[in-house]
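**Q** One letter stands for each residue in the lines below.
Number of protein chains: 2
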Amino acid sequence: MNKELLSVAKGNKPADLVVNNGKIVNVYSGEIYEGGVAVCGDTIAAVGDVSYCIGENTKIIDAQGNFITPGFLDGHIHPESSSMAVRNFAEAVLSHGTTGIMTDFHEIGVVSGLDGIKAVLKEAEATDLKIFFIVPSHVPFAPNLETSGGHFNPEIIREALKLPNAVGLSECVGPYILEEHEELLESFDDTLSMGGKTLQGHLPAMYGPDMNACVAAGVTTCHEAFCEQDVFERLRNGVYLQMREGSSASNMPLLLKTVMENNLDTSMISIVTDDLHTVDLYERGHLDQSLRTALSSGLDFVKAIQMVTFNCAKSFGLEREVGGLAPGRRADINITTGAEDFKVLTTIAGGRQITDNGKMLVHYEAAQHDSCLLNTTHLLNPITADSFKIHVDKDAKKAKVLCMDTLPYIPFTHRRDVELDVVDGVVQCDVEQDVLYIAQVERHGINGNVGKAFMGGFHIRGGALASSVGHDNHNIIVMGDNFEDMAVAVNRCIEIGGGQLIVKDGKVAAEVAYPICGLMSDLPLDELSEQKKVLNQVAYDMGTPIRIPFMFLGFICLACIEDYAITDKGFIDVKKHEIIDPVLELLK
Amino acid sequence: MNKELLSVAKGNKPADLVVNNGKIVNVYSGEIYEGGVAVCGDTIAAVGDVSYCIGENTKIIDAQGNFITPGFLDGHIHPESSSMAVRNFAEAVLSHGTTGIMTDFHEIGVVSGLDGIKAVLKEAEATDLKIFFIVPSHVPFAPNLETSGGHFNPEIIREALKLPNAVGLSECVGPYILEEHEELLESFDDTLSMGGKTLQGHLPAMYGPDMNACVAAGVTTCHEAFCEQDVFERLRNGVYLQMREGSSASNMPLLLKTVMENNLDTSMISIVTDDLHTVDLYERGHLDQSLRTALSSGLDFVKAIQMVTFNCAKSFGLEREVGGLAPGRRADINITTGAEDFKVLTTIAGGRQITDNGKMLVHYEAAQHDSCLLNTTHLLNPITADSFKIHVDKDAKKAKVLCMDTLPYIPFTHRRDVELDVVDGVVQCDVEQDVLYIAQVERHGINGNVGKAFMGGFHIRGGALASSVGHDNHNIIVMGDNFEDMAVAVNRCIEIGGGQLIVKDGKVAAEVAYPICGLMSDLPLDELSEQKKVLNQVAYDMGTPIRIPFMFLGFICLACIEDYAITDKGFIDVKKHEIIDPVLELLK
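Chains A and B are the protein sequences, given in the same order. The first sequence: position 6 = 6 (our numbering), numbered continuously. The second sequence: position 178 = 178 (our numbering), numbered continuously.
In isolation and in its complexed conformation, chain A is listed as follows:
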């Protein structure tokens, strides 16, 4: 029992910090009223009239009549998607009022296993961001269809569930539940047998009996809602609706419209970002930006704040720790403007003032990274232009090919059959038809696999893009209109220990290095954002209409998003869960 906290609450000892002269946005009672918050150490001691908590040495923050809200929580985010080392990431999101996140560090697990995740959790301890760890339920997603650095089994998951910050199991995949995947259900039982831990769902396009089975298995949240029906399918089944408003998927506006038009109870609805691109984080913000969008659609101010605080905490059973302004909760406090032109002015996280009217007051030095996070790009065989060629019968003149096309606004792939030339027994890409070569090169030094296929929707001409960020295995994904640039790109990506880059005419045209797991950089947000903007601009100049081409590219290898994917093992038919030949037929 924290007796110092009791003393401050009782008025026997002054608070360390008092925020006063504000309007409390009370996420419990649904009210807004005048008051303040008193803090002891990292914990709230009193809310409302806290004048009795002020002593000689109490630090006072004057809210100047602005709103006082709980610090914001993102219930489903992969910090790795921001390409930032965790300390920089923490600094960036804290500056936008996010004081806690729920994350699985799945991508780090894919590259460096549980040791990698532990190392990053340790790095994060130096920051003021509260991290609740959700144990990844599958690393990698499809062990039969891809090669990863880290592998999770039920034993490793049990070990991870015992980590002090572990609050549940992450990304519990609908189709695996329906298949009654034995190891997954074993981990479900392990999680639920540990009091207070939850199963976090990944349940795209689950309806009726399918959804019923997932909920019956114990899943209580889902961030994969896309349409009106998805809203009902989740809420009516008692599943917390995590409306996603991130860089790779912006589902919130439509979902929120459904909620508001049908006057649905909002107490089980939160807002999450899932994946947040560096430039979006830099230029737009985090949950503060989602709130601006939500508020502009007419959502009630208190209800909106509940969606990024209390409702999120409840969806994990963490409402006694975070997500509200009440004694005993972590002292995560924002001072904000009102619904119109919403802005977070000042943030306090764990009792420490992070920003003062927009000015950043803290800085976290880069960590000395654990060796398991570094030097993670290893080729077993040399990569040359030949590595990417799809060979067919030398006599063939043309090939009918299954090209996968991405949608321009979300990296979902679908089938397009095309006819391509065959030259000397090698199937050729065709930029006129928007058909590029795409491949994934195993980079964990395990088997030297290269998977190959054809890609549409990116509209790239005159070069190659390569990236060591490729879900759910983080091998090197490479796409281009010529084999030579592709080879240069992959080799350069290996050389710099991972990153994202573009090669034109044999030369690097733009490059961002990710020395940490091949996923993340130690650069501060502004510099990293600048580099990534240059990278994007070069891609735009090569013809792509996609706003965040590298983030899209990184999802093309994800063997759980329909309809197709490319991994180091080959071209994947996601529905069938098998490797297929992209060449359908040869024409002589």
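A few of these clues could be false.
All copies of an identical chain are treated as equivalent in the list; a pair is satisfied when it fits inside any one copy or across any two copies.
Here are the simulated DSSO-like cross-link-like pairs (lysine-lysine), alpha carbons at most 27 angstroms apart as the crow flies [as the list claims (entries may be wrong)]:
| id | residue 1 | residue 2 |
| --- | --- | --- |
| 1 | Lys-400 | Lys-452 |
| 2 | Lys-162 | Lys-452 |
| 3 | Lys-122 | Lys-257 |
| 4 | Lys-303 | Lys-257 |
| 5 | Lys-576 | Lys-13 |
| 6 | Lys-575 | Lys-13 |
| 7 | Lys-507 | Lys-397 |
| 8 | Lys-575 | Lys-343 |
| 9 | Lys-575 | Lys-3 |
| 10 | Lys-389 | Lys-122 |
| 11 | Lys-3 | Lys-576 |
| 12 | Lys-13 | Lys-59 |
| 13 | Lys-575 | Lys-397 |
| 14 | Lys-303 | Lys-3 |
| 15 | Lys-576 | Lys-23 |
FYI, nobody ran anything at the bench for these hints, they're computed from the structure.
Given the coordinates of chain A, assemble chain B onto it according to the supplied hints.
**A** Structure of chain B alone, referenced to chain A:
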């Protein structure tokens, strides 16, 4: 993992039971829509369109267009107050749509310790009522001021917290928290260190710093709200407001008025009964009756249902188990009429149909009670008329006495100074002034204590009332206008192994026996109710205006309700937490 449940949810196996053709009251989405519920064993497999779950052997219950709600939950009730053995109690509340309760069986603990509670939990297993056990935090309330049969210390509490159904710590008393009572705070730490368990508060008249300290210590519910301010004090601090609507305290109407007039968020509000008198349970009902009252005040139907289902479950972190209609939840289902003239028609508990359109379908045989629950009334010394006399100086003619008066609508006591005659050195009662003798006789065979004082507010003439139900020690409380009847009453109460009775002119005028712990009867509800009505009627005929005189009497010995109490150790000044002399001054 329950694979049979998954099979039914997926549609691969027919449901055992389907309720169809109803209107689902969805406590998650806040909607009402047409649909049904499919059940596998004791668990819900599907909700909504469940036609796919119907097979040849599926039992069908036609809701005939009525409403389908989750089974009701009472988050704070002491079944012992109904005077019924737990199986009869279960049968009684199930017949009114209550499918789960959260209870501490505190009274049984006071008489027979943890062994007694375990024995009762075992008896309850034969019923369909789901019992969540909240471990009593203090048995008895005031060890220094009263003698009890059972005693809890932190070690016993730790043992109890490990029982399979244990969900938290009960009746965490505000003033003890403020005192930083060492053993209590140790038990707080024990409870909170076990994932998912909660601290259930008993925080009467706690405001500002006092309430802040209790909440900072981790308390998350409270059933002791009486006035408008209490509503705000709880909800604003993130404390679940349990609006009490029971036999000894009916706080709900006023609290609900505050909630509705201020348009407060209702998601943290539930309805509880705390203590429910046999006759009230028989003639009015349980939470169905509370709902009728709430609905008649204009509360929205879905919000009202949420208050006795989902909101209650949430207040214990049990929303993944009970409190809603969703796959994976216990199959606790009510079919009800609408808001007007609200009635529960049919109840299903744990998948078993309990009632059919008001007709009871189940009956639980009386248990063979464990020996620790029987023969619990033992006197150490004989009790005679002399036992109750308050002796003063023989020369005194009159005595100025502190008489405690109960309020007529709630058993709260306050001070009234009166002048009484002294005859042969014995202070006399005075029915003209409504001053009776009151005493408590130790009955656990420990020390033979008799505590004595003066009582007002009951307006009894011509006899004595005795009861082995007396919070928080369950010694024999006796009150009367003459010592002889009081002695007869106490001796008879011991003779029958405990109970409640009235003696007039040396003879028993009415009597109800409680052979189980001196607290409970094995009679069925109708017979017990009839006996208790007779008991009450005799008391009314003796002049009392109090509707439930014995329940009030049982609270006069509670050393935690201000301002005064009587225990076996003497007359208690509750605020000062000490034994005082009721005789203030002798007049010669």
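**Q** If a hint holds in the structure, say so; if it does not, say that too.
**A** Comparing the hints with the structure gives:
1. When the C-alpha separation of Lys-400 and Lys-452 is checked against a cutoff of 27 angstroms, the pair qualifies only within one copy, where the shortest distance is 15 angstroms, while the shortest distance between copies is 101 angstroms.
2. Taking identical chains as interchangeable, the C-alpha atoms of Lys-162 and Lys-452 are never at most 27 angstroms apart, the minima being 40 angstroms within one chain and 56 angstroms between chains.
3. Taking the shortest alpha-carbon separations for Lys-122 and Lys-257, neither the intra-copy value of 40 angstroms nor the inter-copy value of 50 angstroms comes in at or below 27 angstroms.
4. Taking CA atoms no more than 27 angstroms apart as the test, Lys-303 paired with Lys-257 passes in both settings, with 14 angstroms inside one copy and 22 angstroms between copies.
5. In the homo-oligomer, the alpha carbons of Lys-576 and Lys-13 lie at most 27 angstroms apart only across protomers (25 angstroms), although the nearest pairing inside one protomer, at 65 angstroms, exceeds that limit.
6. Taking CA atoms no more than 27 angstroms apart as the test, Lys-575 paired with Lys-13 passes between copies only; the shortest distance there is 24 angstroms, against 63 angstroms inside one copy.
7. With identical chains, the CA atoms of Lys-507 and Lys-397 are never at most 27 angstroms apart, being 32 angstroms at best within one copy and 115 angstroms at best between copies.
8. Taking CA atoms no more than 27 angstroms apart as the test, Lys-575 paired with Lys-343 passes in neither setting, with 43 angstroms inside one copy and 49 angstroms between copies.
9. Taking identical chains as interchangeable, the C-alpha atoms of Lys-575 and Lys-3 lie at most 27 angstroms apart only when they sit on different chains, with a minimum of 24 angstroms there against 57 angstroms within one chain.
10. For the homomeric pair Lys-389 and Lys-122, neither the shortest alpha-carbon distance inside one copy (43 angstroms) nor that between copies (72 angstroms) is at most 27 angstroms.
11. Within a single copy, Lys-3 and Lys-576 get their C-alpha atoms only as close as 59 angstroms, which misses the 27 angstroms cut-off; across copies the closest is 24 angstroms, which meets it.
12. Taking the shortest alpha-carbon separations for Lys-13 and Lys-59, only the intra-copy value of 14 angstroms comes in at or below 27 angstroms, while the best inter-copy value is 64 angstroms.
13. Taking the closest pair of Cα atoms, Lys-575 and Lys-397 never come within 27 angstroms of each other, the shortest separation being 31 angstroms inside a single copy and 99 angstroms across copies.
14. Taking CA atoms no more than 27 angstroms apart as the test, Lys-303 paired with Lys-3 passes in neither setting, with 34 angstroms inside one copy and 38 angstroms between copies.
15. In this assembly of identical chains, the alpha carbons of Lys-576 and Lys-23 never lie at most 27 angstroms apart, being 55 angstroms within a copy and 39 angstroms across copies at closest.
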